[in-house]
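In order, the protein sequence lines correspond to chains A and B. Be aware that the first sequence starts at 1, since it is given in this note's numbering, and climbs by one per residue. Be aware that the second sequence starts at 1001, since it is given in this note's numbering, and climbs by one per residue.
Treat the hints with caution; some may be incorrect.
[Unchecked claim] Okay, the calculated bits of chain A under chain B, using three or more residues with CB under 8 Å as the criterion: (1) 31-37; (2) 67-73.
[Claimed, not checked] Facing chain B, a subset of chain A residues (Cβ under 8 Å, in silico): (3) Ser-21; (4) Leu-25; (5) Ile-81; (6) Pro-83.
If you are wondering where the hints come from, they were derived from the structure by calculation, not from laboratory data. Note that CB positions come from ideal geometry on N, CA and C, so glycine has one too.
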Amino acid sequence: MEVPILKQGEFLIATFQAALSDADLENLRRGLVYQVVKFRSRGVIVDVTAMDVMDSFASRTLREIAHMIRLRGAETVIVGIQPEVAFAMVQLGLTLEGVTTALDLEEGLAYLNEKSKSVD
Amino acid sequence: MAKREGSTKDAKGRNDQATEIAGNEGQSELLRELVAHLRQNRTQLREEWVQRISETRLLTAMTKDEIFAEATSVYDSYVEALETETFEALQAYARNLSERIIPRGVETHEVVGIVLLLRDVLARSLFAKYQADFRKLNRILDAYEPAANRIANTVAVGFVQERERVIRQQQEAIRELSTPVLQVRERLLILPIIGVIDPQRARQLTEQLLRGIRTNRAKVVVIDITGVAAMDVTVANHLVQTVEASRLLGATVIVTGLSPEIAQTLVTIGVDLGKMNTVGDLQGGIEQAERLLGYKVMAVAEAR
Chain A
1 MEVPILKQGE FLIATFQAAL SDADLENLRR GLVYQVVKFR SRGVIVDVTA
51 MDVMDSFASR TLREIAHMIR LRGAETVIVG IQPEVAFAMV QLGLTLEGVT
101 TALDLEEGLA YLNEKSKSVD
Chain B
1001 MAKREGSTKD AKGRNDQATE IAGNEGQSEL LRELVAHLRQ NRTQLREEWV
1051 QRISETRLLT AMTKDEIFAE ATSVYDSYVE ALETETFEAL QAYARNLSER
1101 IIPRGVETHE VVGIVLLLRD VLARSLFAKY QADFRKLNRI LDAYEPAANR
1151 IANTVAVGFV QERERVIRQQ QEAIRELSTP VLQVRERLLI LPIIGVIDPQ
1201 RARQLTEQLL RGIRTNRAKV VVIDITGVAA MDVTVANHLV QTVEASRLLG
1251 ATVIVTGLSP EIAQTLVTIG VDLGKMNTVG DLQGGIEQAE RLLGYKVMAV
1301 AEAR
């Protein structure tokens, strides 16, 4: 299943629909980095609101996405982690260390706007 | 109704076996006779029972009228259970009754007491009726006793189960109350924790907090543990997990009010203090939270 990536000005928004396979996650990582380069985006939001489980592969992939996008000089924010998912994640030790997180899309955009303002 | 026991009334010998066989067939007949007797004498027996209840000072939480009304229902359900030999209706009634009287402060021993009293009152009336025919009395009791005991059991168990349900409900309510998540500013939540935290309460706390962060769209949470004397390693880990989970929802956590003992525990388990934001007391914590949120609190200058 392909994850739709939308362009919102200087930012890209990728919205998870439901359970993603490992292959889907790989494709997403490639696709996002490619689009960041193509559109010279300043930031990426990955919206995982629809995700009701987060396993270690997904968690690692999200960290790798953030890392790779930072190498392109852009910020990544993961938004929409559900309370139950967050709880399960910390119990498994999946803390998404080093990755910025925000409550939802609105907060994520606010954060990215702040960030890009301070850079200018 | 041909009664073979008529011919064996005076013989205690060889005809006993015939009586036994006849007995089993006559059981349901006896039961019907029993039920008919209980129905015929309903008013009088019920009176007697209510009288006994007040003599033994049971159900003091209820008024005379209430006792009478309930006594009527219980009596009728009792007789019906004896008659149909099914207990579902009685079970349902027992639970319904329990639901109503438990909030009134009626205790278990009272409920068991009154059911046993009814059993006694009815048994006595059987002794009185069949006193001339000891053999028949025995057979009537054979039919009556198991059913009466089962009834007593059903009512008592129904009452106790309802009580346990209420207790569980209250415990849940207390747990929720004792960990309130409070919004004190836009985007700022406070979670004051008081008392003993066991792993179950810690877990419930975390769940409540995370839901609160999402509902109130909080960006900063101050968890105050001034009221917590001690914390074992398991609970300390829970606290760390709470901080991490909150971060995943985009909220920063400030922990305030750590006692020296708890500080020691946290150091012992090797908490990465870079991950945990701590401030001495609640006031300091709120002030820092306000700074993080971009608030500045100033005294209003009095214009004269």
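Taking the hints in turn, this is what the structure says about them:
Only when three residues or more bring their CB closer than 8 Å to a CB of chain B does the claim for the stretch 31-37 of chain A stand; here the count is 0, and the claim is violated. Coverage of the stretch 67-73 of chain A by chain B is violated. Counting CB-CB distances below 8 Å, 0 residues qualify, and the rule asks for three or more. Below 8 Å, beta-carbon pairs count as interface contacts, and Ser-21 of chain A has none with chain B, the closest being about 23 Å; its hint is therefore violated. Because the closest C-beta pair between Leu-25 of chain A and chain B is about 18 Å apart, greater than 8 Å, the hint is violated.
Below 8 Å, beta-carbon pairs count as interface contacts, and Ile-81 of chain A has one with chain B at about 5 Å; its hint therefore holds. Hint on Pro-83 of chain A holds. Least Cβ distance to chain B is approximately 4 Å, under the 8 Å limit.
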